[in-house]
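A.B. asks: These protein sequence lines map, in sequence, to chains W and H. Counting along the first sequence from 1, when you hit position 21 you're at 21 in my numbering, and nothing is skipped either side. Counting along the second sequence from 1, when you hit position 58 you're at 58 in my numbering, and nothing is skipped either side.
A couple of the hints might just be wrong.
Unchecked claim - Computed footprint of chain W on chain H; a stretch qualifies when at least three of its residues, placed anywhere within it, have a C-beta under 8 Å from a C-beta of chain W: (1) 41-51; (2) 102-113.
Claimed, not checked - Among the chain W residues that face chain H by a calculated CB cut under 7 Å, a handful are: (3) Gly42; (4) Phe45; (5) Asp56; (6) Phe65; (7) Glu104; (8) Pro109.
Hints listed in this document are in silico derivations from the structure and should not be mistaken for laboratory results. Nothing here was measured: the structure is a model prediction, and the numbers come from that model. The beta carbon of each residue, even a glycine, is placed where N, CA and C say it ideally should be.
One letter stands for each residue in the lines below.
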Amino acid sequence: GAGVSQSPSNKVTEKGKDVELRCDPISGHTALYWYRQSLGQGLEFLIYFQGNSAPDKSGLPSDRFSAERTGGSVSTLTIQRTQQEDSAVYLCASSLMSSGGWNEQFFGPGTRLTVL
Amino acid sequence: GNSVTQMEGPVTLSEEAFLTINCTYTATGYPSLFWYVQYPGEGLQLLLKATKADDKGSNKGFEATYRKETTSFHLEKGSVQVSDSAVYFCALSDGGATNKLIFGTGTLLAVQP
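Based on the provided sequences and hints, a complete structural model is requested.
C.D. replies: Next up, the structure:
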């Protein structure tokens, strides 16, 4: 079956430009997460969606970062006025909440963002 | 807040050597503990997990035991292979409302033939 997919796989942009990163979770997974993997900060949580709402945005590093999810499926992470410190691999993960509790998070391959 | 500390890498071993990667955590309550692995050029994937104290997670010859008394979840393998070369991440989740993962910094393992 299809796993979590992300696009683009690589994105090079100039400082000050806006970028959009896309995540397609596993079909039926209600929970969706964005993480960032960077040299200086390791792997850090950014935002969590349950359905279309985001009850935990505590990891977003600044107000230049925003995300939305539509139809309980696809999510878009938008970074406005990119800075060089935004360069990182952005990972998306999805999971299913069942009667037995939380299940494994499945990760996508990531989008490598380079800000020049 | 919750945090995970794991040993710095890189760890370089010869094939068939014994592997230990240390991981300790700080958390309130009773977190679930995980080891994730990232092979070269691939995405992050779950290697093993343990959800309560004294549980042992195991997969592909790797093992880790949830030790509440020492707040540790060390990863071990008795005989590593070249194909085990990867970055290993220790992580915890408090379950709760979001189940978000808190990761350690990752440990690069290089196994030489």
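A.B. asks: All hints, please: hold or fail.
C.D. replies: Taking the hints in turn, this is what the structure says about them:
{"no.": "1", "hint": "41-51", "result": "holds (count 6)"}
{"no.": "2", "hint": "102-113", "result": "holds (count 5)"}
{"no.": "3", "hint": "Gly42", "result": "4 Å, holds"}
{"no.": "4", "hint": "Phe45", "result": "5 Å, holds"}
{"no.": "5", "hint": "Asp56", "result": "5 Å, holds"}
{"no.": "6", "hint": "Phe65", "result": "16 Å, violated"}
{"no.": "7", "hint": "Glu104", "result": "5 Å, holds"}
{"no.": "8", "hint": "Pro109", "result": "4 Å, holds"}
In summary, the one numbered hint that this structure violates is 6.
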